[in-house]
Amino acid sequence: MIRVYAFASQLERLPDLAGVGGAPLEAYALEDVSAVVSRDVGPSDGDPRDDAVAHGLIVEALMLLARAVLPVRFGELLTDDSALIRELHGRLAAIHGALERVSGCVEIGVRIAAPVPRRPAVVAPTGTGYMHERLARLAERDAITHELHECLEDLSRACVDVSRDVFEAAYLVERSRLDAVQAAVRRFAESHREFTVVSTGPWAPYSFGGDAS
Amino acid sequence: MTVIEPTPLQEQVTLLELVDRVLNKGVVLTGDIMLSVADVDLVYVGLRVLLSSVATLDRLQAEGAA
Chain X
1 MIRVYAFASQ LERLPDLAGV GGAPLEAYAL EDVSAVVSRD VGPSDGDPRD
51 DAVAHGLIVE ALMLLARAVL PVRFGELLTD DSALIRELHG RLAAIHGALE
101 RVSGCVEIGV RIAAPVPRRP AVVAPTGTGY MHERLARLAE RDAITHELHE
151 CLEDLSRACV DVSRDVFEAA YLVERSRLDA VQAAVRRFAE SHREFTVVST
201 GPWAPYSFGG DAS
Chain G
1 MTVIEPTPLQ EQVTLLELVD RVLNKGVVLT GDIMLSVADV DLVYVGLRVL
51 LSSVATLDRL QAEGAA
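Line by line, the protein sequences give chains X and G.
Going by our numbering, 51 is the number at position 51 of the first sequence; the sequence numbering is gapless.
Going by our numbering, 65 is the number at position 65 of the second sequence; the sequence numbering is gapless.
By construction, these hints were calculated from the structure, which means they are not laboratory data.
Quantities reported herein were computed from a predicted structural model and do not represent experimental measurements.
Ideal Cβ placement from N, Cα and C applies to all residues, glycine included.
A portion of the hints provided could be inaccurate.
Looking from chain X toward chain G, a few residues come up when the C-beta cut is under 10 angstroms (computed) [to be verified]:
hint	residue
1	23
2	52
3	60
4	97
5	100
6	101
Could you build the full structure based on these sequences and the hints that come with them?
Right, dumping it as structure tokens:
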């Protein structure tokens with residue numbers, strides 16, 4: 001099986017890291033796009049968490065060695081070389097477009113959680129009461145989401161709102177604007193001390209694969 | 001220059017975020033991903049499962065072997 005870590009444009013060289021399970025990294029290049037892969041010799045007997053971390057570290061290392069990097073989700077396995085060639089050829093235009101879009105950028109993640117509900121919890125005796133309470137919580141989340149997006153709108157190139165129960169968003173940020181974005185998030189956190197605001201990154205642009213998937 | 005060492009909590013958050021990203025985001029090629037633990041293939045169903053249930057994985061592995 002061939003394990004795919006990322007697509008990269010203008011890859012200078014492979015990182016000095018081993019792939020999952022210790023397998024050597026390889027690059028399959030088509031035009032200026034390289035698929036960075038390794039060959040699994042069999043089921044990994046390592047801790048899956050270690051394998052996931054190894055995948056992530058390879059992607060982050062590639063960020064220093066290529067013009068642009070498009071991470072591939074962990075665990076994506078292709079059966080053989082022909083499947084790899086088929087995937088790369090079939091998606092080349094989309095991969096190329098996504099690489100252009102993320103070039104020069106990193107991803108900043110922001111999570112916002114309210115450990116103590118701002119509104120007192122309501123014990124809903126009816127379905128209608130529950131729905132009202134649920135809608136109120138969603139409206140509160142939408143309001144805080146909108147406020148954060150407004151803070152970062154002019155500083156970022158794109159945003160993906162991946163909110164689940166906890167608000168979470170990913171911002172695509174040009175490297176030159178990284179300090180400004182992090183300062184904006186700090187100001188946002190300081191003005192909303194009732195929330196827990198966690199900003200992480202810079203990461204490779206995991207959330208901005210676009211049509212390449 | 002002052003070097004600020006990350007606290008263990010910060011390191012844990014960073015590691016969790018990294019694992020969250022590699023598992024839940026990134027380009028999807030095949031649509032299905034498999035995690036293999038020894039001889040047992042497990043369809044990945046969620047970050048919390050992976051992070052919190054080594055004991056569960058061990059149990060599934062034992063059941064698979066049975």
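Here is how each hint holds up against the structure:
1. 23: Residue 23 of chain X check fails; min Cβ-Cβ to chain G is 14 angstroms, beyond 10 angstroms.
2. 52: 5 angstroms, holds
3. 60: 8 angstroms, holds
4. 97: Interface hint status for residue 97 of chain X: violated (12 angstroms vs cutoff 10 angstroms).
5. 100: 15 angstroms, violated
6. 101: 13 angstroms, violated
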